[in-house]
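One-letter residues, chain by chain:
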Amino acid sequence: MVMSMKQASREKGRPLASSLFAAILYVVMFVIYSINAPSAITLGGITDLLNNTIVLAIASAGLTLIILAAELDLSSVGVIAVSNVLVATVSTKMPAGTIGTLLLVCLVGLLVGLTNGWLVAFLGLQSLACTLGTMIMCQGIALVILDAPGGEVAAFIMNRLTDTVFGMIPVAGLILAVVVLAWLLFRRTRLGIAIYAVGTDAVASHLTGIDVKGTKLRVFALAGVAYGLAGYLLSAQTGTGDPRVSNSFLLYVFAAVAIGGTSLGGGRGGVIGSVIGAGILTVMQKLLFAVGVADFYTNIFSGLIMVVAILFGNLSAILTLHQRMPLTRHGDRGYSAQ
Amino acid sequence: MEIAGTRLSNRPDMENTASPKVRFTVSALRPETITALLVLLATTLMMLIMKALNPTFGSLEQIAAILTTSIFLVVASYGQGLVILLGGIDLSIGVVMSIGGMIIAGLTNGSNQALVWAIPVTLLSCIAIGLVNGLGVAFLKVPPFIMTLAVATAAFGVALGLTAGSSQRTVAPALQQLMSARITGIPIPILLIGCSLIGGSLLQSRTAEGRKLYAIGSSVAAARIVGLPIEALTIGAYGMSGLCASVAGILLAGYSSGATLDMGDPYLMPSIAAVVIGGASVTGGKGNYLGTFAGAIFLSALSTIITVLSLSQGWRNIIQGGIIVVALTLQTKQWYLQKIANRPLTGQGSPNRALSQNSKV
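First to last, the protein sequences are chains C and F. So the first sequence is numbered by our numbering: it starts at 1237 and just counts up by one. So the second sequence is numbered by our numbering: it starts at 16 and just counts up by one.
In case anyone wonders, no lab produced these hints; they're calculated from the structure. Keep in mind it's a predicted model, so treat the numbers as computed, not measured. Note that the Cβ used here is the ideal one computed from N, Cα and C, for glycine as well. Don't take each hint at face value.
Claimed, not checked - Covered by chain F, according to a simulated footprint, are these stretches of chain C (three or more residues, beta-carbon under 8 Å):
1) 1360-1370
2) 1405-1414
3) 1477-1491
4) 1521-1533
5) 1538-1548
Pulled out of the complex, with its shape left as it was, chain C reads as follows:
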């Protein structure tokens, strides 16, 4: 128990370092991008980039919470699809459409998240498999609500959320700033600390009196709300409803989390890294397009950049941790030294 507490405190330094590497990578990519596409550093260009980033960023922020608690969640694309078709069908018909729809999609996300959390925490299902089930169900629900791409998103949502405020601050950037700020406050809360503890060692956390099941339930619920919000913002970008959100988006959500330095084994990392990871993936596509790379090369480079980004993260982990290796399942080097 004592050991795992020490371990947890020692590991606090690591996500910072690896998100620093991700941030450096992001800056490098952005500079190359803006050299090739000078419009990138205008207000319009930055707003555009942030608009393209935000859906992935919010979804991966939600997933980060779950991965920190050592679980996995595939339901994000399902919730985003449901939320997207809901916005496209009801936002123009509801009174107070903007706020009403926002509350509605957050509620839907919350419900799906609570279902996932209950299945994982209280019934003991493996999260990867049972969220696959709820993902398929959500995709079905989206198809039932809207069986083909279409619908209409309220003009207010479409125009205001993709624009700038006071003519200088992109709304998407503002939302991202709020998310990052909320995370910085949240990680100091009881629940925020409990997530790291549960993700590092569930048994030890249980023994110290942390409500492991309750923590996991809350984490899934929070992530569900984030996915709902991501779907809402997606609707603002596309202005239409599409029940089929591609599965490749799901994989990008995971990639953003991993590139941001969050360990897929749980207990290490944070939301800021994931937001930067989402930024890297988005700017990567823009960069490849700006350089004029053919479509199929884009895929090859995407794969390459993902691996390079992870290697950066690994490098930083080695640099910050070279003197003491933890005695965990993943860090097995401690054993061989004995």
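Please arrange chain F on chain C, whose structure you already have, making use of the hints.
Then chain F, alone, in the frame of chain C:
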């Protein structure tokens, strides 16, 4: 607190690697086997309910068709099962299946003579993709989730560049016959399923290499102390996954007498679900091929049965997802009941669960 020493001392995999005969007698009673049989029972039950609701359903022909179409998932999920046994995951299976189908269709182009060299070329190319996955995971320490995703994305890009996205010409007629012909009344694919079940189970559970995968999946640290060649076995498992996916791709190309670049995609998520429904743990070290096989048959039967129902795609998805969750719940409850006496304190669904479950067999 789990200390390395206590974990090691009651870890059965080590002893069993040394004396496979002991494992043989024990394995008949393994909980995994019970899970697999329960899943098969559920599949049968599902078909019987369907029969009761719709008397025209459930002819022998239809069951043979369900089994025939399940071969792709049965074969592909074997590789996925091996990788998951190590605690990894292979997200490249869908793309590799498509690429396997594309290569075989492109190389044979309707000629049977070309099969002689086209099959080895296809298999080797796909194994190479798997090996790249394995190398990245074993030596670069890239998380399997990202490595296989990145390799799949890149491999898809190469395939897209080479084919310009067009669907390939007709596949060799011999492959099409293979998928439709019968020997003594039994369709060949069903015989192939039987062979793969026996061969796969033997390889995974009865050979030393297979048992070593269990050991690594249970604890990399312990496996390293014992001196197991972790890197080589990891690379081998991913290579095997590439091989299985390419075989599934070749069969799929033969079945649909052509290949497209996205034909393998619908098999990626089910291949993971099949492994987990079959009683494996995604954190590794647990599960066997009989379970994966049962999971694959279950999912294939489920999707076929649901297609028979005259429902909209949305409702079909809702039912399919719901049944997957229910199947998992039943399977987990069974584990839970067996475990409750031994380890009431174990955090459910946590990574440590896989560890504690392995300390009793």
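Outcome of the hint check:
no., hint, result
1, 1360-1370, "holds (count 10)"
2, 1405-1414, "violated (count 0)"
3, 1477-1491, "holds (count 5)"
4, 1521-1533, "holds (count 4)"
5, 1538-1548, "holds (count 7)"
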